[in-house]
Amino acid sequence: MKHQARSAYQLLALFRIPLALLLLLVSCGPPEAGYDSNHPARFQSGGQLSLFLNLRQSEGPAVELTIQAMEVLADNGSWNLVSDRPVTISTRKLRGGQRFLARNYLPQGRYSRLRLTLDQARLGSTTLSLASPSMELPLRGPLYVGPGDSRSLFLTWDVRRSIQNDTTFQPILQVAPRLKHLMADVAYVACPDIDTVFMIRTDKNWVYDSLGVRGEPTYLAPAPLTPRENLYVLTQRDQDIKKVAPSANRVVETYSLPMTGDPVHMALSPDGRWGYIVDRQRGNILRMDMLSGHIDQRVRLGYGPCFVLYLEKTNLVAVSLGMAQTVVLLDPETLSTVRTISTGSRPEGWPCGTTPCSTLPNPEPIQCSSMTWKTTGNAVAFRWDFHPAALLPPAALSTLPTMVPDPCHCSARDSWE
1 MKHQARSAYQ LLALFRIPLA LLLLLVSCGP PEAGYDSNHP ARFQSGGQLS LFLNLRQSEG
61 PAVELTIQAM EVLADNGSWN LVSDRPVTIS TRKLRGGQRF LARNYLPQGR YSRLRLTLDQ
121 ARLGSTTLSL ASPSMELPLR GPLYVGPGDS RSLFLTWDVR RSIQNDTTFQ PILQVAPRLK
181 HLMADVAYVA CPDIDTVFMI RTDKNWVYDS LGVRGEPTYL APAPLTPREN LYVLTQRDQD
241 IKKVAPSANR VVETYSLPMT GDPVHMALSP DGRWGYIVDR QRGNILRMDM LSGHIDQRVR
301 LGYGPCFVLY LEKTNLVAVS LGMAQTVVLL DPETLSTVRT ISTGSRPEGW PCGTTPCSTL
361 PNPEPIQCSS MTWKTTGNAV AFRWDFHPAA LLPPAALSTL PTMVPDPCHC SARDSWE
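Note that the numbering used here gives residue 40 to position 40 of the sequence shown, counting from 1, and the numbers run on in steps of one.
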């Protein structure tokens, strides 16, 4: 399976949020209950449902709750399993107040209720008696799951009110309504292994919505001038760019990438008019008109291009070539090479800041006078300063994301609680 060489926990496009905050996202994992490797076929006839738990209070009693099973009721009267694996929730270990619970594929249809089968509850070292071994929660309006959808439900748990007389446990849970007009800044995370893009509210670092995007979404680029209205999603399996309207939670347009082998990364011009796409397999960079989807330039750079970054202040496009151990600076109109920088080792990526191994698009103008990249095999970063043009001495990097053999991708270890 080609995803074994890279992680699904890719931190791909974000709004005003440090990369480290998103290293907690474990919800990119594949479904557990009933999951099989033929998930694209199942995705054609149905969709996915993910369940999350939010704490109502940030402070509260130390309670452990074990949920034995989770099911949803379809409009045909059948209960469909979301998870049959026990999930233990510890309020003491719940960092940030949110916990990913489960995910599974569901047949196409409408769902109206959620049923939880409880196993046990503890208050500190004391086992509490369950008021009921199961509970049913109505969904706020029928939940429709269509082919290719990736939907999410969020349970809000009032821990204090769930404990009665310090001996009995009656969980006070409700299904939270979908947030349509979020005032907080939003971060987006693409999970190619499950064809899903998650939306994260940055004030709490909580997932608050999800969107199914077929074709292995591998990189996200918000439109610089309208980041909340337009999000571009680069897909590796379908080899196209999907234009997403986050407010409507749907794909509104698809631009194909003909004659490409392995599109892995993209960047947008400051005005959002032009897109620059790296084809690692064929060694090309493509320029696309983002208004029409037409590719007007295609230039071969060499072996192993990985990352691309638009340097607004110098009006250049920078591309790292891992196999050639170089970074090339291109004219954004003709894609002709302006300068070649030798790195001495395989460059993997750079930001306009301090976080290695990922290019971070930002809705605000980036005034970038230098770029930094991390090299494979050596925990060092090189910085190229354009004023004056010079390759500065390498600096040791004390903290790096876990690197995988594929030099074009990063990996983050699972950590949620």
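Derived by calculation from the structure, the hints in this document are not laboratory data. Just so it is clear, CB atoms sit at the ideal spot from N, CA and C, and this is done for glycine as well. Mixed in with the good hints, there may be bad ones.
[What the hints assert, rightly or not] Pairs of lysine to any residue residues, derived as SDA-like cross-links and limited to a Cα-Cα distance of at most 25 Å, are as follows:
#: 1; residue 1: K243; residue 2: T226
#: 2; residue 1: K93; residue 2: T127
#: 3; residue 1: K243; residue 2: E333
#: 4; residue 1: K313; residue 2: W274
#: 5; residue 1: K93; residue 2: Q108
#: 6; residue 1: K93; residue 2: R161
#: 7; residue 1: K93; residue 2: Y255
#: 8; residue 1: K204; residue 2: D331
#: 9; residue 1: K204; residue 2: R140
#: 10; residue 1: K93; residue 2: Q68
[To be verified] For each label pair, taking beta carbons as the anchor points, the in silico distance ranges come out as:
#: 11; residue 1: L291; residue 2: S45; range: 44 to 50 Å
#: 12; residue 1: A131; residue 2: S247; range: 22 to 28 Å
#: 13; residue 1: D158; residue 2: L291; range: 45 to 51 Å
#: 14; residue 1: S342; residue 2: Q281; range: 22 to 28 Å
#: 15; residue 1: S256; residue 2: L137; range: 29 to 35 Å
#: 16; residue 1: P138; residue 2: S256; range: 51 to 57 Å
#: 17; residue 1: Q108; residue 2: Q174; range: 31 to 37 Å
#: 18; residue 1: T226; residue 2: E333; range: 22 to 28 Å
#: 19; residue 1: R228; residue 2: M259; range: 29 to 35 Å
#: 20; residue 1: S125; residue 2: R161; range: 38 to 44 Å
#: 21; residue 1: P107; residue 2: D203; range: 47 to 53 Å
#: 22; residue 1: Q68; residue 2: T226; range: 44 to 50 Å
Where does the structure disagree with the numbered hints, that is, which hint numbers, in rising order?
5, 7, 8, 11, 12, 15, 16, 17, 20 and 21
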